[in-house]
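Enquirer: These protein sequences, in sequence, are chains A and B. Per the numbering used here, the first sequence starts with residue 129, numbered consecutively. Per the numbering used here, the second sequence starts with residue 129, numbered consecutively.
Check before you lean on any hint, since a few could be wrong.
Here are the simulated lysine-lysine pairs, DSSO-like style, with alpha carbons at most 30 Å apart [claimed, not checked]:
#  : chain 1 : residue 1 : chain 2 : residue 2
1  : A       : Lys192    : B       : Lys192
2  : A       : Lys147    : A       : Lys132
3  : A       : Lys192    : B       : Lys138
4  : A       : Lys147    : B       : Lys159
5  : A       : Lys168    : A       : Lys132
6  : A       : Lys168    : A       : Lys192
7  : A       : Lys147    : B       : Lys147
8  : B       : Lys192    : B       : Lys168
9  : B       : Lys159    : B       : Lys192
10 : A       : Lys147    : A       : Lys159
11 : A       : Lys168    : A       : Lys147
12 : B       : Lys147    : B       : Lys168
13 : A       : Lys168    : B       : Lys159
14 : B       : Lys147    : A       : Lys192
15 : A       : Lys138    : A       : Lys192
16 : B       : Lys159    : A       : Lys159
17 : B       : Lys132    : B       : Lys192
18 : B       : Lys168    : A       : Lys168
19 : A       : Lys168    : B       : Lys147
20 : A       : Lys168    : B       : Lys132
21 : B       : Lys159    : A       : Lys132
22 : B       : Lys168    : B       : Lys132
23 : A       : Lys159    : B       : Lys192
24 : A       : Lys159    : A       : Lys192
25 : A       : Lys159    : B       : Lys147
26 : A       : Lys147    : A       : Lys192
27 : B       : Lys138    : A       : Lys132
Calculated directly from the structure, the hints in this document are not laboratory data. Since the structure is predicted, the reported quantities are computational estimates derived from the model, not experimental observations.
Protein chains: 2
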Amino acid sequence: MRVKIFVYLKDGVLDPQGKAVERSLHALGYKEVQDVRMGKYLEVELDAPSRQAAEERIREMCDKLLANPVIEDYRFEIEE
Amino acid sequence: MRVKIFVYLKDGVLDPQGKAVERSLHALGYKEVQDVRMGKYLEVELDAPSRQAAEERIREMCDKLLANPVIEDYRFEIEE
Numbered sequence: 129m130r131v132k133i134f135v136y137l138k139d140g141v142l143d144p145q146g147k148a149v150e151r152s153l154h155a156l157g158y159k160e161v162q163d164v165r166m167g168k169y170l171e172v173e174l175d176a177p178s179r180q181a182a183e184e185r186i187r188e189m190c191d192k193l194l195a196n197p198v199i200e201d202y203r204f205e206i207e208e
Numbered sequence: 129m130r131v132k133i134f135v136y137l138k139d140g141v142l143d144p145q146g147k148a149v150e151r152s153l154h155a156l157g158y159k160e161v162q163d164v165r166m167g168k169y170l171e172v173e174l175d176a177p178s179r180q181a182a183e184e185r186i187r188e189m190c191d192k193l194l195a196n197p198v199i200e201d202y203r204f205e206i207e208e
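Please model the entire structure based on the sequences and the hints provided.
Expert: Here's what the structure looks like:
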């Protein structure tokens with residue numbers, strides 16, 4: 129299965145990278161842009177016996193390695 | 129409008145960051161994972177008179193700043 133994983137900072141956590149992108153966009157004339165938040169996007173190919181098994185394994189991988197649960201949230205989509 | 133932007137390496141472009149994540153997942157016992165690709169995920173708040181206008185502006189921003197068109201592709205979703 130192909131899995132798409134999004135990892136992003138929790139609401140309320142400062143995002144200096146997003147702020148830098150926002151300032152650059154403003155400098156280029158895109159003043160209509162506000163509140164840029166920057167995160168990670170992963171695509172993963174996964175072997176799993178079922179959708180439920182895949183969900184469990186991905187949640188584990190996110191908690192252990194892909195996201196920092198103190199400051200980040202994640203969500204994912206499974207495509208078959 | 130709220131816009132979600134995904135920026136990812138084109139097929140065929142080497143992805144050392146994705147490879148590193150893949151190796152780490154294997155080391156943690158997640159051997160069922162293959163072909164990890166790593167990209168960027170941005171959320172942006174945008175003022176635009178119409179959906180079409182927003183699409184045009186976002187495409188410009190991606191081409192000029194958010195993606196490197198030589199090695200990266202992007203796609204985006206607009207939510208109202």
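Enquirer: Decide, hint by hint, whether the structure agrees.
Expert: These are the hints, each one checked on the structure:
no.: 1; hint: Lys192(A) - Lys192(B); in the structure: violated, 35 Å
no.: 2; hint: Lys147(A) - Lys132(A); in the structure: holds, 25 Å
no.: 3; hint: Lys192(A) - Lys138(B); in the structure: holds, 28 Å
no.: 4; hint: Lys147(A) - Lys159(B); in the structure: violated, 37 Å
no.: 5; hint: Lys168(A) - Lys132(A); in the structure: holds, 11 Å
no.: 6; hint: Lys168(A) - Lys192(A); in the structure: holds, 16 Å
no.: 7; hint: Lys147(A) - Lys147(B); in the structure: holds, 28 Å
no.: 8; hint: Lys192(B) - Lys168(B); in the structure: holds, 16 Å
no.: 9; hint: Lys159(B) - Lys192(B); in the structure: violated, 38 Å
no.: 10; hint: Lys147(A) - Lys159(A); in the structure: holds, 13 Å
no.: 11; hint: Lys168(A) - Lys147(A); in the structure: holds, 16 Å
no.: 12; hint: Lys147(B) - Lys168(B); in the structure: holds, 16 Å
no.: 13; hint: Lys168(A) - Lys159(B); in the structure: holds, 22 Å
no.: 14; hint: Lys147(B) - Lys192(A); in the structure: holds, 17 Å
no.: 15; hint: Lys138(A) - Lys192(A); in the structure: holds, 17 Å
no.: 16; hint: Lys159(B) - Lys159(A); in the structure: violated, 46 Å
no.: 17; hint: Lys132(B) - Lys192(B); in the structure: holds, 17 Å
no.: 18; hint: Lys168(B) - Lys168(A); in the structure: holds, 5 Å
no.: 19; hint: Lys168(A) - Lys147(B); in the structure: holds, 15 Å
no.: 20; hint: Lys168(A) - Lys132(B); in the structure: holds, 12 Å
no.: 21; hint: Lys159(B) - Lys132(A); in the structure: holds, 18 Å
no.: 22; hint: Lys168(B) - Lys132(B); in the structure: holds, 11 Å
no.: 23; hint: Lys159(A) - Lys192(B); in the structure: holds, 15 Å
no.: 24; hint: Lys159(A) - Lys192(A); in the structure: violated, 38 Å
no.: 25; hint: Lys159(A) - Lys147(B); in the structure: violated, 37 Å
no.: 26; hint: Lys147(A) - Lys192(A); in the structure: holds, 27 Å
no.: 27; hint: Lys138(B) - Lys132(A); in the structure: holds, 16 Å
In this structure, the hints that do not hold are numbers 1, 4, 9, 16, 24 and 25, in rising order.
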